[in-house]
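Q: Sequence:
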Amino acid sequence: MMDERSPWAKLARDGEKRVTAALPLVDHCLDVGAAFSAIVPAWRAVLTTAAGRALTDQDIARLTVLVALHDLGKANRGFQARYDDKVRPIVGHTAPVAALLNHSTLRTGAAASALHAMIAAWDAREHFAAVMAHHGRPLQAFYRDAEHQNRAWIGLVDHWWPKDGHDPAEDVMPLIEAARARWPLAWEDGPPLPDAPRFVALFEGLVTLADWLGSDERRFPIAGPHGAARDALRQDEAMAAAAARGLQPLTTPDADFVAAFGNVPYGFQQDAAAADLGAIALIEAETGSGKTEAALWRWLELRRREEVDGLFFALPTRAAAVQLHARVDKMLQDVWGSGGPRAVLAIPGYRRVGDAEGQALPGYRVRWDKGEPGAADDERWAAERANRFLAARVAVGTIDQALLGTLPVKHALFRAGVLARSLLVVDEVHASDAYMTGLLGRLLEHHVAVGGRALLLSATLGGEARARFMGKPLPTQAEAEAAPYPAVSGVDAPPRAAVGSSAIKRVTIEVSGAIDDAGAIAARAVAAARAGASVLVVRNTVDGAVAVARAVAATAPELAFTVEGVATVHHGRFAPDDR
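According to our numbering, the sequence shown is numbered sequentially starting from 1.
No lab work stands behind these hints: they were computed from the structure.
Remember, it's a predicted structure, so these values are computed and weren't measured experimentally.
A portion of the hints provided could be inaccurate.
[Claimed, not checked] No farther apart than 30 Å at their CA atoms in a straight line, the calculated lysine-lysine pairs in the DSSO-like style are these:
#1 Lys472 with Lys410
#2 Lys410 with Lys10
#3 Lys163 with Lys17
#4 Lys163 with Lys410
#5 Lys17 with Lys86
#6 Lys163 with Lys86
#7 Lys410 with Lys86
[What the hints assert, rightly or not] The following label-pair restraints were derived from C-beta to C-beta distances:
#8 Asp189 with Arg44: 18 to 28 Å
#9 Arg496 with Thr568: 27 to 37 Å
#10 Val542 with Glu564: 14 to 24 Å
#11 Arg530 with Asp334: 33 to 43 Å
#12 Gly227 with Lys86: 25 to 35 Å
#13 Arg442 with Gln323: 20 to 30 Å
#14 Gly136 with Val538: 48 to 58 Å
#15 Pro197 with Gly136: 11 to 21 Å
#16 Arg53 with Ala228: 33 to 43 Å
#17 Ala567 with Val258: 40 to 50 Å
#18 Ser338 with Gly52: 36 to 46 Å
#19 Val264 with Ser338: 17 to 27 Å
By construction, the Cβ of each residue, glycine as well, lies at the ideal position given by its N, Cα and C atoms.
Assemble the whole structure, with the sequences as input and the hints as a guide.
A: In C-alpha cells, the structure reads:
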C-alpha cells in the first residue's frame with residue numbers, strides 16, 4: 001500500500017476515470033533501471049566502440065543509475081496533481097528537473113545537492129541531459145546556454161516549493177537512496193563516464209528503449225506487487241521481457257548455405273561473407289543474380305563472428321519490402337526452426353510479424369490474429385508502432401525508417417541507437433536521388449562510427465556514388481570503366497570480380513516515340529501478350545496509366561489486369577487492403 005504522501009509514477013483508472021491502483025515512483029524507476037541492465041548486453045559492443053575505450057562494470061552501473069533516475073521529476077507537485085484527471089494545466093516531469101537543479105535556493109536542498117555531486121563525480125552532465133530527453137526530443141531546459149535554460153525552466157520552480165507541510169523535493173531522496181542501494185558500485189571511486197558525443201547519443205536512444213520496456217504493464221503491473229516483494233521479481237521479469245522481445249544476444253545455429261537457402265552458393269555469395277571487407281561492404285550484380293541470399297549469408301556469418309546481432313533490410317519501395325519479407329522470414333525458420341525469431345515487416349499500417357497479422361485496438365493496443373493464447377505478444381512488440389520497427393532483431397522495410405535516424409525529428413536518436421547492433425542492408429542503393437544519397441551517407445557514417453555494419457546492394461551503381469559510400473577518391477573515367485562487374489568490395493577491400501551463375505541473360509532495348517499514344521502502347525502490349533510474353537506497362541502519370549489500361553481492356557479484355565473482374569491499374573499509394 002502506498003503512503004498517501006509517496007509520489008506515484010503511473011496510475012490505473014476504471015471506465016469512469018477513477019484511480020484503481022498507483023505504482024510508486026521508486027518502483028517504476030527501478031523497473032526501468034532493471035530493463036536497461038537487461039538490454040545492455042546486446043548493445044555493449046557498439047557502446048564500447050562509441051565510447052572509444054573499454055566499458056567497465058562501474059560504467060554500466062553508473063549508466064543504469066542514470067536511467068533509473070529518468071522519472072525523478074514526477075515528484076514535482078504539478079505532476080502529482082494529475083492524480084485528479086481534471087486538473088489543468090498538465091505539468092510534465094522532465095523540464096521541471098532543470099528547475100530543481102538550477103534555482104538558486106532549490107539547488108541547495110538535499111536532493112539537488114546529491115544529484116549535483118553525483119553528476120560532477122561521474123562527469124555526467126551530458127548523460128543526465130540525455131536521460132531527461134527520454135521522450136524523444138532534446139530539452140531546451142538542459143542546454144549549456146544559461147540564457148536558454150532560464151527561459152525554459154524559470155516558470156517551473158513553483159512546483160517544487162514546500163506547501164502544507166510537504167516538500168516535494170524531499171520525495172526525490174528515497175529514489176536516489178534506492179538506486180544507491182541497488183547499484184552501489186556506481187558510487188565507488190573511479191574514472192568519469194566516456195563523454196564522446198556519439199556515445200551519449202547512443203545512450204540516449206537506449207534510455208528510451210529501457211523506459212518502454214520497463215513500462216510494460218503486463219510485465220511490471222501498476223497494481224503490484226510493490227516494494228520488497230517487487231524487488232524479488234523485477235530483474236527476472238526484465239530479463240524475460242528483453243529475451244522475449246529479441247533485445248538480448250541470440251546464438252546462431254551452425255547451418256550451412258544449403259540449409260539456409262536450399263541451393264549451392266555461387267562464388268560471390270560466399271565472398272560476400274568475407275571478413276576482410278570492412279564495416280561497409282558492397283555487392284554489385286544484376287537483378288536476379290542472388291544478391292539477397294548473399295546479404296543474408298553475410299549477416300549469418302557476421303553473427304557467428306559476433307560482429308552484429310540484428311538485421312534491418314532496407315528497400316526503396318513498400319512493394320519490394322512486402323515481397324522480400326516472406327523470403328527473409330522463411331530463411332529464419334530454416335535456420336532457427338519454428339521457435340526462432342520472426343521477421344517484422346517495417347512498413348506503417350501493416351503490423352505483420354512472420355505470418356501473423358495484428359489489428360489495432362483503442363488505447364494503442366494491438367490484437368494479434370484472433371487473440372489466441374500464447375500469441376507471442378512480446379515478440380511482436382516492435383511491429384506495433386513505426387517508431388519501434390528498428391528495435392526488432394530482424395526487420396524488412398523501407399529505407400526511410402532508417403533515414404529518420406539522421407533527421408532532427410522525434411525519436412531520431414532512438415532509431416539510430418537501436419539500429420547500431422544490426423547489419424544495415426540497403427538494397428537498390430542506386431535508386432536514391434541526391435537528397436536520399438546525402439542522408440544515406442550521413443546514416444552510414446554514424447552507423448559505422450558506433451560499431452555498426454552495413455552492406456549495400458546495387459545493379460547499376462555509378463563510380464561517383466561508389467566512391468562516396470566506400471570513402472574512396474573519385475575515380476577517373478578510365479578507372480570507372482575498368483572496374484570489375486559483377487563485383488564484391490568493401491571499405492577495406494578493393495573490388496574483386498564476382499563469380500555468379502553461368503546462365504546468360506539477354507536483354508533487348510528498343511526506343512519508341514509512342515509515349516503520348518495510349519492506343520499504340522496498348523497495341524504493342526496486346527501483341528506481345530498474344531505472342532506469349534508477360535507484359536508490364538509502367539507510366540509516369542496516373543492519367544497515362546489509366547488511358548493505356550482502358551485501351552487494353554477495350555481491345556483485349558481477356559488479357560487486361562483485373563481485380564474481381566474489373567479492369568484496373570496498380571498504384572504504389574493504394575491503401576494496404578487495396579494493394
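Q: Each hint: holds or not?
A: The hints, checked one at a time:
1. Our distance criterion of 30 Å between C-alpha atoms is broken by lysine 472 and lysine 410, whose separation comes to about 33 Å.
2. For the suggested pair lysine 410 and lysine 10, the alpha carbons sit about 23 Å apart, so the restraint of at most 30 Å is met.
3. Among the hinted pairs, lysine 163 with lysine 17 is consistent with the structure: their alpha-carbon atoms are about 27 Å apart, no more than 30 Å.
4. Taken as a hint, the lysine 163 and lysine 410 pair is broken in the structure, with Cα atoms around 36 Å apart against an allowance of 30 Å.
5. For the hint pairing lysine 17 with lysine 86, the CA-to-CA distance comes to about 10 Å; that is within 30 Å, so the pair holds.
6. Restraint check for lysine 163 and lysine 86: the C-alpha separation of about 21 Å stays at or below 30 Å, so the hint holds.
7. This hinted pair checks out: lysine 410 and lysine 86 have alpha carbons roughly 28 Å apart, not beyond 30 Å.
8. Checked against the hint of 18 to 28 Å, the pair aspartate 189 and arginine 44 passes, with Cβ atoms roughly 23 Å apart.
9. One distance hint, 27 to 37 Å for the beta-carbon pair arginine 496 and threonine 568, is violated here, with the actual separation near 47 Å.
10. The hinted range of 14 to 24 Å is satisfied by valine 542 and glutamate 564, whose Cβ atoms lie roughly 20 Å apart.
11. Take arginine 530 and aspartate 334: their Cβ atoms lie about 40 Å apart, and the range 33 to 43 Å holds.
12. At roughly 30 Å, the beta-carbon separation of glycine 227 and lysine 86 lies within the given 25 to 35 Å, and the hint holds.
13. Taking 20 to 30 Å as the suggested C-beta distance range, the pair arginine 442 and glutamine 323 conforms, at roughly 28 Å.
14. For glycine 136 and valine 538, the Cβ-Cβ distance of about 39 Å falls outside the hinted range of 48 to 58 Å, so the restraint is violated.
15. At about 18 Å, the beta-carbon gap between proline 197 and glycine 136 stays in the expected band of 11 to 21 Å.
16. Distance hint for arginine 53 and alanine 228: a CB-CB separation of about 37 Å, consistent with the stated range 33 to 43 Å.
17. The beta-carbon spacing between alanine 567 and valine 258, approximately 44 Å, falls within the hinted interval of 40 to 50 Å.
18. Between serine 338 and glycine 52 the beta carbon distance is about 42 Å. The supplied range of 36 to 46 Å therefore holds.
19. A C-beta distance of roughly 25 Å is found between valine 264 and serine 338, which places it inside the suggested range of 17 to 27 Å.
Going down the numbered hints, you'll see the structure goes against 1, 4, 9 and 14, while the others check out.
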